[in-house]
Amino acid sequence: MFKINKSTLQRFEDAAALEWLETNGLGGWSSSSVTGCNTRRYHGLLVAATVPPAERMVLVSKLDETILSGNQRFELGVNDYGGVIHPKGFTYLQSFTKDLFPQWIYEVNGIRIRKTIAMIQGENTTVLIYDVLKAKSTFSLELLPLYAVRGYHSLLHANDHINRDAVFTDHILKTKSYEGSPDIYIKAPGADHQANPDWFYHFNYAIEKYRGQDFEEDLFSYGCLSVQLKKGDSLGIIISTEDPAGKEAHELLAKESLRRQSLLNNQPGDKAIQQLALAADQFIVKRGDDLKTIIAGYHWFTDWGRDTMISLPGLCLCTGRYSDAKKILAAFAESVSEGMLPNRFQDNGEAPEYNNVDGTLWYFIAVHKYLQATNDKKFVLARILPVLKDIIQWHYNGTRYHIHVDDDELLYSGEAGVQLTWMDAKVGDWVVTPRTGKAVEIQALWYNALRIFAALLEMNKEKAAADKMNGKAEQVKTSFLNKFWNAADGYLYDVVDGDHKDASLRPNQLFAVSLPFTLLEGKQAHSVLKIVEQKLYTPVGLRTLPADDNRYVGIYGGDQLKRDSSYHQGTAWSWLLGAYVDSIIKVKAEKSKAKKVIQNFKYHLEEGCIGSVAEIFDADAPHHPRGCMAQAWGVAEILRVIIEYQLCTAAARAASRVS
Numbered sequence: 001m002f003k004i005n006k007s008t009l010q011r012f013e014d015a016a017a018l019e020w021l022e023t024n025g026l027g028g029w030s031s032s033s034v035t036g037c038n039t040r041r042y043h044g045l046l047v048a049a050t051v052p053p054a055e056r057m058v059l060v061s062k063l064d065e066t067i068l069s070g071n072q073r074f075e076l077g078v079n080d081y082g083g084v085i086h087p088k089g090f091t092y093l094q095s096f097t098k099d100l101f102p103q104w105i106y107e108v109n110g111i112r113i114r115k116t117i118a119m120i121q122g123e124n125t126t127v128l129i130y131d132v133l134k135a136k137s138t139f140s141l142e143l144l145p146l147y148a149v150r151g152y153h154s155l156l157h158a159n160d161h162i163n164r165d166a167v168f169t170d171h172i173l174k175t176k177s178y179e180g181s182p183d184i185y186i187k188a189p190g191a192d193h194q195a196n197p198d199w200f201y202h203f204n205y206a207i208e209k210y211r212g213q214d215f216e217e218d219l220f221s222y223g224c225l226s227v228q229l230k231k232g233d234s235l236g237i238i239i240s241t242e243d244p245a246g247k248e249a250h251e252l253l254a255k256e257s258l259r260r261q262s263l264l265n266n267q268p269g270d271k272a273i274q275q276l277a278l279a280a281d282q283f284i285v286k287r288g289d290d291l292k293t294i295i296a297g298y299h300w301f302t303d304w305g306r307d308t309m310i311s312l313p314g315l316c317l318c319t320g321r322y323s324d325a326k327k328i329l330a331a332f333a334e335s336v337s338e339g340m341l342p343n344r345f346q347d348n349g350e351a352p353e354y355n356n357v358d359g360t361l362w363y364f365i366a367v368h369k370y371l372q373a374t375n376d377k378k379f380v381l382a383r384i385l386p387v388l389k390d391i392i393q394w395h396y397n398g399t400r401y402h403i404h405v406d407d408d409e410l411l412y413s414g415e416a417g418v419q420l421t422w423m424d425a426k427v428g429d430w431v432v433t434p435r436t437g438k439a440v441e442i443q444a445l446w447y448n449a450l451r452i453f454a455a456l457l458e459m460n461k462e463k464a465a466a467d468k469m470n471g472k473a474e475q476v477k478t479s480f481l482n483k484f485w486n487a488a489d490g491y492l493y494d495v496v497d498g499d500h501k502d503a504s505l506r507p508n509q510l511f512a513v514s515l516p517f518t519l520l521e522g523k524q525a526h527s528v529l530k531i532v533e534q535k536l537y538t539p540v541g542l543r544t545l546p547a548d549d550n551r552y553v554g555i556y557g558g559d560q561l562k563r564d565s566s567y568h569q570g571t572a573w574s575w576l577l578g579a580y581v582d583s584i585i586k587v588k589a590e591k592s593k594a595k596k597v598i599q600n601f602k603y604h605l606e607e608g609c610i611g612s613v614a615e616i617f618d619a620d621a622p623h624h625p626r627g628c629m630a631q632a633w634g635v636a637e638i639l640r641v642i643i644e645y646q647l648c649t650a651a652a653r654a655a656s657r658v659s
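Under this note's numbering, the first residue of the sequence shown carries the number 1, and numbering increases by one thereafter.
Everything labelled a hint here was simulated from the structure, so no lab data went into it. It cannot be assumed that every hint is accurate.
Claimed, not checked - No more than 20 Å apart at the CA atoms, straight line, and that leaves these computed lysine to any residue pairs for SDA-like:
#1 K3 with E607
#2 K231 with R112
#3 K136 with A158
#4 K530 with V597
#5 K468 with A455
Based on the provided sequences and hints, a complete structural model is requested.
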């Protein structure tokens, strides 16, 4: 359990920087700051994936509570009206905890209430439980639902098109705000509804303002729900796009609690591992009728090919979710086009984008690790190997964006105006880090793809073809070592394009060491690891440029131009710690040092999105979390290396019991 104490919660600016996240396995979520004040346009009590895992809508923005005791009103809600915080319900907070679910305890006028929020797996449904722990006498709890009913990227402003009518029957409030928008149900047992349709104006979202985005919104209310409560009562609220008639909030919560507990049954009893395993669950979502995919990050990403394949080992294999891993590999196998995995799936039924060179190569790594974990040869050889054959052939023949194998057997990629590697920031027509030519990590991935492909051919009794691929891989290694070693500086060039060699010191070179089939060994590998440690390592990730580079940006913020132009120009990335730990183990075999990397990182699980891992961080100390508050590959890579290398005492004990 992570716990935020009263003193922190009652310092508004500190508490507003802490967030919580609930998800539903469909791409939807419930999320806000721990104060109850929404600080992002993406915050909402019910954000539904209307076409899972995409087309998400913020339906119910929040539910502001007021306690009526005697002749006094105590408002528990918190809103930001342009620097004016009202009401100030955070002053009544005694604690916030994150275990299986986020929970708050409020105390006011002798009344003590525990609030629990949960999303239900497989439904666009949020459940709230209010347990009355202490009360001298009966009191009223008034609930004010505030509706947005909009696309999750947009903002709502007062308008005359909203349907102001609501139906309240059998303690269920039913609304439909616009033609074509989802029905929204709020079930509040024992409650009365006081209809008072009206707009509430000028909600400000501080993080949107920091990011240079529009940050002001109006929300609509259909009136208050009110219920009488006393000590020992437990009120269960259901907010859903499905009719909750016949459903009971406590039963839904109990079922979801059992599901989450089952995710932890085989995990070591370490707080960080258990919270990361719960965080991992939040990214694995449904795609189609019987397939799965991985949401790259909350709140604004859908599923990206690159992120999915990098994340799959940590999210699925290390947590024993082999069936989910299989469904994910199958889902992407169906989407391969011209030998390429989609870079990302889009909202609103738009065609997938294929502007990446590395996601397809990471697919080979994911398949390799899936086979290692499951020994599922039948699936891999029958279903996946034909897809891999097609991919390899396209890469030799040439595919989109000039992606092709060059005469030296290295993989070339790129054309003007296109970003193809994971360093993919683009502002208008400006590609910030184009990396056209032969990027260092792409060669490492290509080498691994060939080795893995050869091993699968051998397994499939295609020895001649396997030998040929192994021969190609040897040529890749020879060419790589000849062209990429920067002897003057003692590390690898980032990109080689003809006679041009980019000597930018970047973390990408670690993949020549960290991946299953290593390109760089001995003194050269030691030299790379040493300079990465000296100039790029931070406790929460690796910088994308060293501080002495004149392009370095230490603080990530401002409008989109400023943010995107610094995205890979210093900004530290959490997911790169996975390759860093891999390299420490491979090069130095220093498990104690790898343990220290994880120990140094753990504090982050109690900042930002509690129990999860942020996408990026300021390159400068104190390394504030930025970008997506919860990122799949950040969670995945930290969890993977902890479990693979037994980097905590509990993990080591668990491994010992298994062996």
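Against the structure, the hints:
1. This hinted pair checks out: K3 and E607 have alpha carbons roughly 11 Å apart, not beyond 20 Å.
2. Between K231 and R112, the direct Cα distance comes to roughly 9 Å. Compliance with the 20 Å bound is thereby established for this hinted pair.
3. For the hint linking K136 to A158, the alpha-carbon distance of about 41 Å lies beyond 20 Å, and the restraint is violated.
4. A hinted pair counts as satisfied when its Cα atoms are at most 20 Å apart, and K530 with V597 qualifies at roughly 14 Å.
5. About 11 Å separates the Cα atoms of K468 and A455, which keeps this hinted pair within 20 Å; it holds.
In terms of the numbered hints stated before, the structure departs from hint 3 and from no other.
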